[in-house]
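S.K.: Sequence lines, in order, name chains Y and W. Every letter in the first sequence is one number past the one before it in my numbering, and letter 465, counting from 1, is 474. Every letter in the second sequence is one number past the one before it in my numbering, and letter 213, counting from 1, is 237.
The set of hints was computed from the structure by calculation and includes no laboratory data. One or more hints might be untrue.
[As the list claims (entries may be wrong)] Facing chain Y, from chain W, some residues (calculated, C-beta under 8 Å):
hint: 1; residue: E309
hint: 2; residue: A311
hint: 3; residue: S319
hint: 4; residue: R325
hint: 5; residue: Q372
Quick reminder that beta carbons are idealized off the backbone N, C-alpha and C, glycines included.
The lines below spell out each chain.
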Amino acid sequence: MIFDTAIIGAGPAGMQAACDLRARELSVIVLDEQPAPGGQIWRGVERNCQPGSELAQRLGAEYRQGAGVARSFRACGADYRPLSRVWQIEETGPDATEQCWQVFVIREGQAEVVEARRVLLAIGAQERPVPFPGWTHPGVMTVGAAQIMLKSGGLLPEGPVWICGAGPLPLLYAHQLRKLGGQIAGFLDTAPRDTVRRGLPHLSGALRDWKSLAKGLAWQAGLRAAGLRRETGVRQLRAEGKDRLERIRWETPEGEKTAPAGVLLIHEGLVPSVHPTLSLQCEHTWSDAQQSLRPVLDAWGETTRRGLFVAGDAAGIDGARAALAKGTLAAVGIARSLDVLSEAKAKQARAAGDRALSKARATRPLLDTLYPAPEGKISDDVIVCRCEELTAGQIRAAAGRGSADPNRVKSETRAGMGPCQGRQCGYTVARLIAEAHDMPRAEVGFHNIRPPLKPVSVGELASLGKAKA
Amino acid sequence: MAQPDHIVIGAGTVGVSLAYGLQKRGQSVCVVDGGASDFRAARANFGLVWVQGKGGNLPAYARWTAESAALWPRFRDALEQCSGIGLDYQKPGGLVFSLSEQALIDRRAVLEEIGGGALPEGVEMLDRDALQARLPDAPLGPEVAGASYGASDGHVNPLKLLAALQQGFLELGGEILWDWPVQTLRTTDDGYELTGPDGETLRAPNVIVAAGLATPGIVAPLGVDLPLRPQRGQLLVTERMAPMLPMPCSGLRQTADGTVMIGTTHEDVGLDTGTTQASGTMVAERALRILPALSGARIVRQWSGLRVLSPDGGPLYTQPEAYPGLWTVSCHSGVTLAAIHAERLAEQILAGALTGDTRHFSKDRFHVPTLA
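Based on the sequences and whatever the hints tell you, model everything.
M.R.: The following block contains the structure:
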C-alpha cells in the first residue's frame with residue numbers, strides 16, 4: 010500500500026507528528042532503528058518509567074514526560090516498525106501520476122520498500138565529533154553514549170570518570186549520575202571563561218523560559234554543593250595511555266595539569282543529522298550560532314524537495330520540547346499539502362504551533378552563546394578520519410594543495426569515503442579546508458553524501474530484485 | 025605570470041595526463057580547472073587499465089589501447105617517482121565472465137573478430153575449471169561457464185592516479201588554477217584568450233580543451249561541433265575484505281585496500297549523477313551470480329559517474345582546421361589511455377598534427393552529409 014506519510018524516527022518529533030497525522034485520519038508508517046519508541050532523549054522510556062522505577066525518578070521530569078508521549082503514540086494507530094534501518098530514499102520518476110516516495114528499509118535482515126506520498130525525517134541529531142589527541146583510545150566516549158547506557162540498563166561508568174566539554178547535556182548527565190550514586194572525578198569545562206559575559210545580551214530573551222534556566226542553575230549548584238572538582242577555561246585536552254585511557258592532560262590559563270583517568274566523557278554540543286537531506290540534494294544553510302548545517306525549510310517544515318519534510322533536532326538543535334512543536338507543525342504542513350486541511354485552518358494551527366515553538370526555543374540563543382563549538386587549532390598528529398585513519402596534518406596538506414572543494418579533498422584523501430560517510434570527520438575536514446584557504450566555514454560546504462545511509466549488504470540489496478520479480 | 029606555451033582546460037585525468045606529458049617535454053603549461061559542481065568523470069572511475077574487447081568497431085582504437093597498456097608500467101614508474109604517490113597499479117591480466125555456455129561461445133566470437141579470425145595476442149578462453157583454478161579464493165556461482173582472460177589487462181587506483189598526475193605536473197613546474205571555470209574562449213592575433221571567473225583572462229598560443237562533457241560547450245561558439253554524450257554508470261564498493269580476487273574483472277575488482285568494487289550500469293539519463301536503488305540491486309544481483317560469497321559484504325557506498333562517449337565509443341582528438349593550436353581531447357578511457365596521452369599524444373600535439381592511428385580519432389570520422 011501507499012501510505013500518506015512515512016515518518017523516519019520515533020523520537021519526540023516523529024511520535025508527535027504521527028499522533029497528529031493519525032488524528033486527521035491519514036495513514037502513517039513510522040520506521041525507527043530502536044526496539045522501542047523514544048529516540049535518543051527518551052531512550053528506554055517505556056521500560057524505565059514502569060511504576061515504582063527508581064531510575065525514572067533519577068532521570069528527571071523531562072525524561073518521564075516521554076512516557077506519556079510514547080503511550081499516545083502506541084495508541085494512535087500508526088504502523089510502527091521498530092528495528093528498521095532506512096538506507097536510501099528515492100522519489101519515483103517523473104512518469105508517476107502522483108508524487109510518491111520510496112523508502113528502502115532493512116528489518117530483521119530483510120530488505121523492503123515502503124511507499125508513501127510524503128516523507129518526514131525526524132532523525133534527530135548526533136554529537137559533534139571533536140578530535141583531540143587520544144580521542145580514539147578505549148575509555149574515551151561521548152557523554153551522549155554514556156547517557157544512553159544509563160537509560161538502556163542503568164549502567165554507570167567505572168574508574169576515575171572525567172567529563173569534559175560544554176553544554177547542558179554534560180551538566181544534566183553529571184547531575185543524573187550523581188543522583189544514581191555514580192562517582193565523578195572532575196568536570197573540565199571547555200567554555201571560554203568570558204562566556205557568561207558574552208551570554209548576557211541573550212539573558213532577557215531566555216527569561217521567557219525561566220524554568221529551564223532555573224533547572225540548569227540548580228544542576229550546577231548541586232554539583233558545586235557535592236564538592237565536585239571543576240576546572241574552567243580548559244584547552245588542549247589530551248587522552249594518554251598505552252592500550253587504553255590511563256590519564257588525561259589539559260591546560261588552563263594557570264598552566265598544564267594532569268590526572269589519572271579510567272573513563273573520559275566528551276561533549277561539545279549536537280549537530281543535526283543531515284545525511285539523508287544532503288544525499289537527496291536538498292538545499293542546506295550554515296548556522297554560525299550552532300556551527301553546523303541544517304536543511305532549508307519553509308514555514309511548514311518542507312525541504313526544497315516537494316513532499317519531503319524535516320522536524321525535530323534534524324532541523325536545528327532546539328531540544329525535546331521544541332521537537333514536539335516542530336512535529337506538530339510538520340504534521341500541519343503535511344496535512345495541508347495532502348489537501349486534508351484548508352489553508353485557513355492550516356494557518357490557524359500553525360500560529361499555535363509557532364507560539365509553542367518560539368517559547369521552547371527561548372533559551373537557545375543563550376545556550377548557543379554560552380557553549381560555542383570549540384575553535385582551537387587541531388594539531389597535525391590528531392586522527393581526524395577514524396575510518397581511514399587520517400590525521401589533521403594529512404587533511405591540511407591535501408586541503409592546501411588545491412581548490413577549497415570538500416569533494417576534491419575527499420577524493421584525494423578518502424576522508425568521508427569510509428563506512429561512517431563522514432559523520433565523524435565531515436565538519437572537521439571542512440573546518441581544516443576553511444582554515445587552509447582562510448575563508449568562512451559557511452562557504453566550504455560539505456562533501457557529497459551517497460547511499461547507503463545505513464549499512465546494507467550486497468545480498469540484502471540484491472534481494473530486493475527477487476522480491477519484485 | 026608569463027604567458028605559458030599551452031593552456032589545458034580541465035584538471036581531470038585526461039587533461040593532466042597531457043599537461044604532465046607536455047611539461048615533461050620542456051613546455052610551460054597552465055591547467056585551469058572548473059567549479060565544484062562539474063561532472064568530473066575522473067573521480068567516479070572504476071580503475072581498469074583495460075584492453076580486451078575494445079575497438080571491435082575501430083581497429084585503431086584497439087591498437088592505441090594496447091600500446092597504452094604496454095606503456096603503463098614505465099609511465100607508472102616515472103609518475104610515482106616524480107609525484108611521490110603510489111598508484112596501486114598492477115597488471116595481473118583481467119577476466120570477463122560468461123554466465124552461460126552460450127555466452128562463452130559468443131564472447132569468443134567477439135574477441136576473434138577483433139583479432140581478425142583468431143583470439144588477439146594475450147587473450148585466452150578459460151572454461152569453468154580453468155577459471156576456478158585461477159581464482160582459488162573466490163568460489164564461483166553455479167551459472168559461471170567460464171571467462172575470457174586478457175594478459176594485457178590491469179588496474180589502478182584512479183583517485184591516486186589523478187592525485188599523482190596533478191602532483192607530478194606541479195613538481196615539474198606546471199601550474200594549476202583551481203576553481204577557474206572558463207567563460208569564453210576566443211582567438212587573438214597569436215593564439216587564444218580565455219576568460220575565467222571575475223573577468224580574468226589568460227593567453228597562450230596553444231589551448232587544449234580536455235573538459236570532459238563540458239568540452240563541446242567551450243568550443244561551440246567557435247563553430248566547432250563535437251558529438252559527445254553522457255552515459256551514466258553506477259557503482260558499489262564494499263567494506264574491506266580478505267583477498268579473493270587476484271586480478272580485475274569486468275564489473276568486479278578488489279582494490280589494493282581490500283574493498284571490492286562492483287559495477288556498472290550503462291544508462292542514458294542525460295546529465296544526472298544520481299544513484300538509484302534499482303541499479304544498485306541490478307549490479308549486486310549480477311555480482312552474486314558470479315561470486316555468491318559477496319552476499320554478506322557490507323556496501324559502503326554507491327555512486328555514479330558520467331562516461332564521456334563519442335558515437336562509436338572511441339577517443340575524440342580534434343584540431344579544427346580553422347584553429348591551429350586549438351585541440352580538443354576527450355575519451356571514455358582516460359585511465360587506460362593516461363600513459364599514451366602523456367607520451368604519444370603529447371608528442372603529436374607538440375608536433376602540431378595527428379599521425380598514424382590517431383588520425384582515425386578526429387571528429388571528421390563522424391561527418392555525415394545532411395540528407396535533404
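S.K.: For the restraint on Q372/W, tell me whether the closest CB of chain Y is nearer than 8 Å.
M.R.: Q372/W check fails; min Cβ-Cβ to chain Y is 29 Å, beyond 8 Å.
S.K.: Can we keep the A311/W interface hint, with Cβ of chain Y closer than 8 Å?
M.R.: holds (6 Å)
S.K.: Tell me if the interface restraint on S319/W is satisfied: Cβ within less than 8 Å of some Cβ in chain Y.
M.R.: Interface hint status for S319/W: holds (3 Å vs cutoff 8 Å).
S.K.: So, R325/W near chain Y? Judge it on the closest CB pair being under 8 Å.
M.R.: Cβ of R325/W sits 5 Å from chain Y, so the hint holds.
S.K.: For the hint on E309/W, does the least C-beta distance to chain Y fall short of 8 Å?
M.R.: OK, holds: E309/W within 8 Å of chain Y, min 4 Å.
Violated hint for the displayed structure: number 5, the only one.
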